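Read top to bottom, the protein sequences are chains V and C. When you line the first sequence up against full-length UniProt numbering, it's residues 1 to 317, in that order. When you line the second sequence up against full-length UniProt numbering, it's residues 1 to 509, in that order.
It cannot be assumed that every hint is accurate.
To be verified - Below, simulated DSSO-like cross-link-like pairs (lysine-lysine); rule was C-alpha separation at most 27 Å, straight line:
id, chain 1, residue 1, chain 2, residue 2
1, C, 256, V, 161
2, V, 161, C, 114
3, V, 161, C, 483
4, C, 296, C, 256
What the hints contain is simulated information worked out from the structure, not anything from laboratory work. Values in this document were obtained by computation on a predicted structure and should not be read as measured data.
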Amino acid sequence: MLAFTLRRTAIALVLVWLVATLVFMVIHLIPGDPAELLLSQGGVAPDPAAVAELRERLGLDLPLYTQYLNYWAGLFRGDFGVSLQDEHPVASEIALRLPRTLELIGAAAVIALSVGLPFGTMAALKPGGRLDRIASLIAGISLSVPVFVVGTLAILVFAQKLGWVSAGGYVALAQDPVRHFILLLMPASTIAVGLGAVVFRVTRSAVLEVLGRDHVRAAQARGVRPRLIILRHVLRNALSPVLTVVALHLGSLLGGTVLVEYVFNWPGLSGYLVRSVEARDYPEVLGIVLSISVLFVFLNLLVDLAYAALDPRVRHA
Amino acid sequence: MAHMLTRRSVLAGAAAGAFVPLLGIPGARASTPGILTFGISSFPPSVQPWANAGTASATVKLALYRGLASYGPDGKIRGELAEGWSSEGKNTWVFKLRDAKFQNGEKVTSADVKWTIEQVAGEKSTAFLRTEMQGVEKIETPDDLTVRITTKQPTVTLPLMMASYHMPIMSKASTAAQQIGAGPFVLKDAERGVSMDLAPNPHYYRPGLPKLKAIRVVVYADENLRVAALQSGDVDLIEYVPWQAMASIEKDAALKLDAVDGPFMAIVFNGSRPPFNDARVRKAVAHAIRREDIVKSAFFGRGAPLAHLPIPQASPYFNADLADGWKYDPELSKKLLAEAGHGGGLSCKLLSTAQYGMHKDTAEVVQQHLAAVGINAELNLPDWATRVSLGNRGQYDFGIMGTSADSNDPDGLSGYVDGSLSPSYVRSYNLSIPKLTQLFQAGREEFDETKRKAIYHEMEQVAIDQVPMVGLALRSQGYAMRKEVGGFKNMPGALSFYSGQTFETATVG
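From just these sequences and the hints, can you work out the full model?
Below is the structure:
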């Protein structure tokens, strides 16, 4: 088990290094110069000498391999570097924004599961019934409408027409918990629309599949109460594919909440990444991508190790 | 089973109902008297006083800092930290300071002015006016309130430079981390990328100003959300009103729109290679475009066609006889192309960006009209950063550009019209027209108003003939606010981005 753990950890570290190096190369290869961009904002021509001076100050005039080595030297010291735009430390900005994105994804998952699971189960219990047909139709629509349309519509209806909520924004939990959760509700629900539809569909088919299994039929034959059969024998077995799919989706949401963050002005990590790319803020882009990929890779590592702990065959495969 | 379903749906309904009172807590609020919430389009990358960091930064800088001169709400230049100025001979300007204080309560003195100019012109400077201030030969400070600035070349536009939002006077006690200016507000707090809080500066020199108790600047990057935030009452004032929303804001009884035709769209050329190193081909482009279509499709009718240099009609330097200099005349275009040896048609690449709708839409209209006269332009629409980079390096044939002149003075156009200046995406690449450069220099050195007008008339005539760039359209630049907001004004013409100046007189409720 120790050898397996070490091997897997080594692979994970190599993966992280590969991702960081690839991103470093790509972001430096694409056209666009951060110093030039920063000084020519608003459609004005900067003084070339001022651009050269800024480039030197930011260390952008050094050869690429020197910049690369400096970057890794910084990482080993636990230093993600500073933003090229205002010299703000990248690590502290990520520490501020990553939890906000995680909170958004977490809240969306809770909403999606609490809607998708019960309705998926109910739909599977009476396939072709009225509830199944209506819920499947809604799920189909939810899956096909893009997230920014849902978000924009939600703002139009709930903020502009009804005036129930703010048209997006963010208030820290410590500052005003009630407003914090109200502002969280709209973007989280918007993500949950698509995610809930996925949960509904997976739950429905998983429950249908389990319902036909022998142990369920045996329980029915024994005269176990229908409610107990569903909770103990069906749902417990149907849940594992649901969780796998939800976990996969949550992973991809880590860098993919851009549109929702944009539409609702949620100051999370995804929107930060997009703005960093637009500004060619190399340390910010690298820091964010590195954080996300480390999270990804190590979550996978944990899953691998958990499988191995549960099932000895995996270790020797 | 049916029972269970019913019970559950009842429960679910009850749970949903429980949310409604929670939602009912009003997000929409009435304006708080004295506190202005301003929805800005992007978070200022920095509020360093002298470097250009875009218009969002400039707007905030205008609330925090003051220069020797400024523009009044009517767009006219006026004294700010300087009461007045006069020229002594052709190369010297004398500025008389008024009794004003910095944010730390210390007096604004001639020594601070001298220090400021030296910082801007310094070797390690990244200031926007670095080159211009390096044109200063010496700065004398005969007393605390007098500054005598001698320039190497006659510079009639020095007071204009002193009114630039890139030229605030800062206390010589300022450090990179602690900027001390003399504006009506101080920066109290900022959450990077999200918001800034400004508080009144108790030492501000104008009596009774600022009127506001606080300004809260909140970033709304999405233009539609910015409008929604105004309509739902989350913010009192927004900038960069999207053109498609202007009509609905005008109709809304709770809101008002303040829009001016200021910034312009133009075509810039690569003068270092064919086909646009030939003035006839450039002129053919200028006459081939029906500009009304651009105003209609890119700006929802909010703007005006521009068939000459972007000199506003209200300017004393506006030349009525040249206003239609590049009028739509496809036959003339075809003739010019034939003369230049492109009678059989011409293929080239048009650079723009897909990142901003107005750049992309303008490019598409231009492409269509050029096709009609036989110029087959292939669109290249990378992201903005790439577009800037390609433009600065001259890696394009011709491109779409959108910006605002530095000021309403015609010298403010030199950076966009004079292609002999350093390579930049904002102007044509390597397209030197010596006569134009000469005339701009003459305008900078001429103190007599009538003679100056004649110089800029000739300059525009040369531009119409030689086509260093092509004016396409003036676009409407709008601020929108709640009815309760007063005293904030969109400044005229090219000065729209100076509107932050009027935060000092703004009121709410």
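Broken hints, by number: 2
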